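Read top to bottom, the protein sequences are chains A and B.
Quick note on numbering: my numbering labels position 176 of the first sequence as 301, and the sequence is numbered without any gaps.
Quick note on numbering: my numbering labels position 634 of the second sequence as 859, and the sequence is numbered without any gaps.
Honestly, the hints are just simulated from the structure, not real lab data.
Take the hints with a grain of salt, since some may be wrong.
Claimed, not checked - Derived pair list, reagent style SDA-like, types lysine to any residue, alpha-carbon separation capped at 20 Å:
| # | chain 1 | residue 1 | chain 2 | residue 2 |
| --- | --- | --- | --- | --- |
| 1 | A | Lys287 | B | Glu829 |
| 2 | B | Lys666 | A | Asp249 |
| 3 | B | Lys826 | A | Glu286 |
| 4 | A | Lys267 | A | Ile252 |
| 5 | B | Lys670 | B | Leu760 |
| 6 | A | Lys287 | B | Pro693 |
Unchecked claim - Taking beta-carbon pairs under 10 Å as the criterion, some of the chain A residues facing chain B (in silico):
| # | residue |
| --- | --- |
| 7 | Glu242 |
| 8 | Gly246 |
| 9 | Ile247 |
| 10 | Arg250 |
| 11 | Ala255 |
| 12 | Glu286 |
| 13 | Ser288 |
| 14 | Gly289 |
To be verified - Computed Cβ-Cβ distance ranges for the label pairs, DEER-style:
| # | chain 1 | residue 1 | chain 2 | residue 2 | range |
| --- | --- | --- | --- | --- | --- |
| 15 | A | Ile363 | B | Val837 | 49 to 57 Å |
| 16 | A | Glu310 | B | Lys802 | 51 to 59 Å |
| 17 | B | Lys802 | A | Arg456 | 33 to 41 Å |
| 18 | A | Asp270 | B | Asn782 | 21 to 29 Å |
Since the model is a prediction, treat every value here as computed from it, not as a measurement.
Cβ coordinates follow ideal geometry from the N, Cα and C atoms, glycine included.
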Amino acid sequence: MKNNILIIGGGPAGLEASAQLQRMGYNVILIEKDSSLGGHLAKWDRLFPDGVPADEVLSGLIRSTEGVKLFTETEIRAINRLEKSYNVRLTNGITVLSDAVLIASGFDLFNAVKKEEYGYGIYDRVITNADLEAYFKTGSDKRIDHPKRIGFVHCVGSRDEKSGCRSCSKVCCATAVKQAIEVKEAFPDAEVFCFYMDLRLFGRHYEDLYLKAQKEYGIRFIRGRVAEVSENLDGTLIVKAEDTVASKPLKATLDLLVLMSGMRPSASGKAVGDLLEMTVEEDGYFAVRSGIAAGQRSLLPGLFLAGTATGPKTLPETLADARAAAVEIDRYLTEIFPDARNYKQLVRERW
Amino acid sequence: MTPLNYILAVQAADPEVIDRIPSGYSHFVIPFTIGITFFLCWIGVGCVRLLAAIPRTDRLRFWKSLFIPKNIVKNLKDLFGDCLFHVKIWQRKPLLGYMHSAIAFGWFMIILLGHIEVALFVPARLNVTRGGLFYPIFYRYFVWMNPGHTTLRGSFFFFLMDFFLLYILTGIALAVFKRFRSIVLGMRHTTKPSLADRIALYSLWMIFPMRLLAESFTADLSGGSFLTVGVNHLWHFLFGEKLLFTPFWWAYSICLGLFFVAMPFSRYMHILTEVLWILLRNAGIKPHHPRKGVAEAEIYACSSCGLCLDACPMNVQKKNLKYSSVYFIRFLRRHNEKKINAIADKCLMCDKCHALCPVGVDAPALRRAQRITVNNSLPYEYSYLALAGTAGAAAGLRPYSAAAERGWTRPGPDSCPADTVVPEVLYFAGCMTHLTPRIIKAVEKVFKAAGVDYAFADREGGICCGRPLMLAGKTEAAAKVIEANKRMIEESGCKTLVLSCPICYKVFKEEYHFEGIKVVHYTQFINDLIASGKLQVSKSDEKIVYHDPCELGRGSNVYIEPRAALDKVGTLVKAAKEYDESVCCGGSLGSLTLDNRDRAKITEASLDNLLVNDPDTIVTACPLCLKTFSETVSNSKHLLTDVKVKDFAEMI
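Start from the sequences, fold in the hints, and give me the full structure.
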């Protein structure tokens with residue numbers, strides 16, 4: 126008998142894990158709350174560090190999930206743990222008895238409206254990283270009209286205790302550098318500034334991207350947080366910041382300001398977590414059995430986690446995490462789950 | 226000693242009361258006499274020292290205030306209201322109010338009536354050389370009622386004495402009960418008593434039961450009313466004809482003596498210090514030092530009642546109890562510098578402990594005074610002050626430097642250069658409002674709709690109003706900032722200064738001392754615009770809850786105007802606690818050291834307080850509250866409520 130595995134979330138992590146588990150021969154059921162798959166990836170144009178089109182990566186992921194039972198526009202109505210399995214009622218009326226559940230609920234982008242001093246939603250020419258990607262994808266955004274001076278604000282809703290987001294979102298530094306280059310390509314005459322606290326360009330080729338941005342594109346990096354933004358009568362923006370290298374306050378007039386919204390735990394993921402009374406750590410992301418040795422196991426037996434449900438990750442990290450989760454699920458379903466007599470003891474020893 | 230002393234025969238002249246013991250003395254009075262003597266010496270020396278530490282001008286003001294009729298009335302009102310009846314506690318927690326006033330007012334009446342009785346029946350004994358110190362206290366021991374000659378007047382006093390004794394005993398019973406189940410009396414947290422507090426507390430508890438015992442044992446000799454005579458019959462029933470009463474008078478005296486010896490070292494010092502503090506407070510004298518002079522009166526006037534524990538917004542977390550005002554004051558008393566500084570810096574300065582304090586101890590002011598001792602002397606950079614002028618010029622106001630050359634006068638509208646404006650109204654947004662640009666947008670929209678002739682003083686940015694510096698204890702730096710802003714504003718020639726930040730409003734109103742310029746908060750200004758018909762608004766069904774910002778409500782006493790205006794645009798619903806009981810949003814810049822996570826807890830509690838009646842919208846009139854609430858309202862716990870957070874001007 127093939128074990129049922131329910132995967133919650135049709136973003137990169139959910140897709141990758143579905144594909145792997147399907148290949149292993151399990152009966153995979155993937156649910157996604159939106160009408161289409163891909164999560165944030167579907168809204169992105171190109172990916173750092175190489176500028177690969179996001180569509181390409183996503184369609185590759187979707188192609189490999191052939192055979193997976195997919196329900197879009199579906200959420201969880203109720204979920205409860207039986208002796209070993211999970212009984213899940215879906216909003217489309219179907220009930221699934223699942224031997225393992227993988228939560229790949231992903232993240233929400235920090236709501237930049239909350240950082241009111243930056244004026245998102247108040248001033249016309251303040252946009253977010255997601256808005257800019259949408260512009261690259263569609264080529265139209267009323268707010269972007271041949272800007273001559275463009276600013277990027279790093280760490281909006283990341284590493285900011287005041288807005289309740291202490292952790293680093295990992296991806297925004299590289300995204301900002303990538304987007305700065307892209308915007309410079311789109312508007313070659315424009316001056317581009319990046320306001321950063323410090324740059325965390327840790328991944329392979331990320332540093333190259335950063336150097337290229339400076340040398341080839343003339344993007345100016347200013348170390349200092351933006352304090353506040355105000356609007357001139359003509360709609361241009363006045364940005365007040367501190368240049369901590371020069372130890373001086375700084376005031377710049379810009380035509381466009383891009384806020385690098387960070388990652389926050391996803392609200393719909395939290396709703397699922399609440400149904401299962403899952404432990405959430407102080408940062409809002411789900412707790413794992415062990416951050417080092419068992420990063421894909423939740424505190425409940427048979428319940429697995431993958432991707433940014435357990436904290437900010439880059440796309441390659443998310444995919445690797447999903448594969449790891451698939452292996453963990455396979456191990457659980459072959460080593461622990463079938464042994465009905467010793468199940469409890471095995472869970473104690475090996476979960 | 227023989228327990229009954231009938232050496233005096235019934236006399237023909239028949240006085241109602243007869244001095245049973247001609248010497249007017251018995252050994253049992255010694256503990257009490259020692260205690261009260263020690264206490265009176267202590268308080269005498271203390272008063273002299275305290276008054277000596279007050280600056281001369283303040284001292285003169287204090288003496289003068291005692292003779293100003295208006296002040297006398299206020300003093301009397303406050304002394305009776307705060308010290309004896311505890312009106313402020315009654316208003317909030319009736320049972321607790323009853324407890325405190327039973328003990329305070331009851332005891333006061335017993336002492337007063339005791340002295341009146343002596344004055345009426347054995348007036349000679351009021352003389353200190355003839356036992357005046359203790360005789361009225363132990364009056365019942367020393368006298369013998371002439372049976373059959375009791376007048377109505379005598380019975381009346383007997384009744385009153387018994388009545389007030391019973392009144393106190395009920396208060397004591399509640400106090401004992403409160404030690405175990407304080408929540409019944411409306412207190413979630415109570416103060417942890419120190420050793421001296423415990424000694425004084427337990428002796429205080431014992432004083433009145435002992436008095437009842439002592440007086441009831443002698444009630445057949447010295448008379449009594451429903452309580453003492455009733456209990457006396459019980460003793461006779463239990464112990465027979467002869468009653469041994471002296472031990473109870475000893476116990477009563479010992480309890481009193483113990484209490485008075487412990488009193489100066491315990492919280493009960495407040496009983497008398499309160500009087501001095503209220504007089505000083507009503508004379509309008511402010512503390513200059515966190516521990517000396519007026520501050521000392523304040524510190525000793527604190528009764529450690531612990532009402533500030535539940536009031537303090539930090540105490541949503543039990544670990545923060547130690548930062549409450551009551552402990553701050555206790556450590557000030559003990560000169561514990563390290564703890565004092567930590568506690569002084571932690572406070573949000575929301576002023577709620579001050580607003581709710583039964584005797585009006587201004588602990589936030591003491592914390593500020595403490596911060597001054599540490600922070601005022603730290604170096605400070607003033608180069609940015611010139612920005613006040615350049616910002617003013619950018620807003621089209623008269624240039625700042627020209628003003629300085631003219632020698633600091635306020636010229637009329639005609640004497641200004643052609644390219645500058647002399648607005649009727651000057652709007653000063655302040656730093657915090659600049660961090661919440663939607664307030665600026667909304668305010669400007671309202672001004673335009675009402676056709677207000679205004680200039681925006683710090684559109685291009687300006688300098689701080691000075692209040693945050695004052696809160697941090699940097700008074701000198703604040704004075705410099707205030708001076709720079711004051712010039713810019715006075716030179717503008719405006720008639721009205723409108724502030725959208727309560728922090729600015731408080732300092733502009735209290736510290737700038739403008740002449741001829743009206744300082745108003747935008748809630749007041751907009752409310753006036755609506756009332757005078759200049760601004761048309763329409764009412765909607767939106768359920769609004771209004772959050773009183775600390776600096777506007779408790780800080781500046783503006784409660785009515787924002788509500789009046791909001792009532793015209795929506796339906797106001799109540800918060801669990803509002804007006805002077807409103808809960809700080811947690812974002813206050815008053816605290817120098819409070820952690821963001823602790824603040825988040827306060828914000829959650831403050832939101833819970835606002836959301837009790839399911840409002841659609843939370844409205845506040847402070848950029849800091851707005852920012853704090855907006856950032857939190859969609860977080861974690863409040864995820865499922867779709868309540869909006871709006872600024873006052875956005876609603877109009």
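* Which of the listed hints are not met by the structure? -> Violated: hints 10, 11, 15, 17 and 18.
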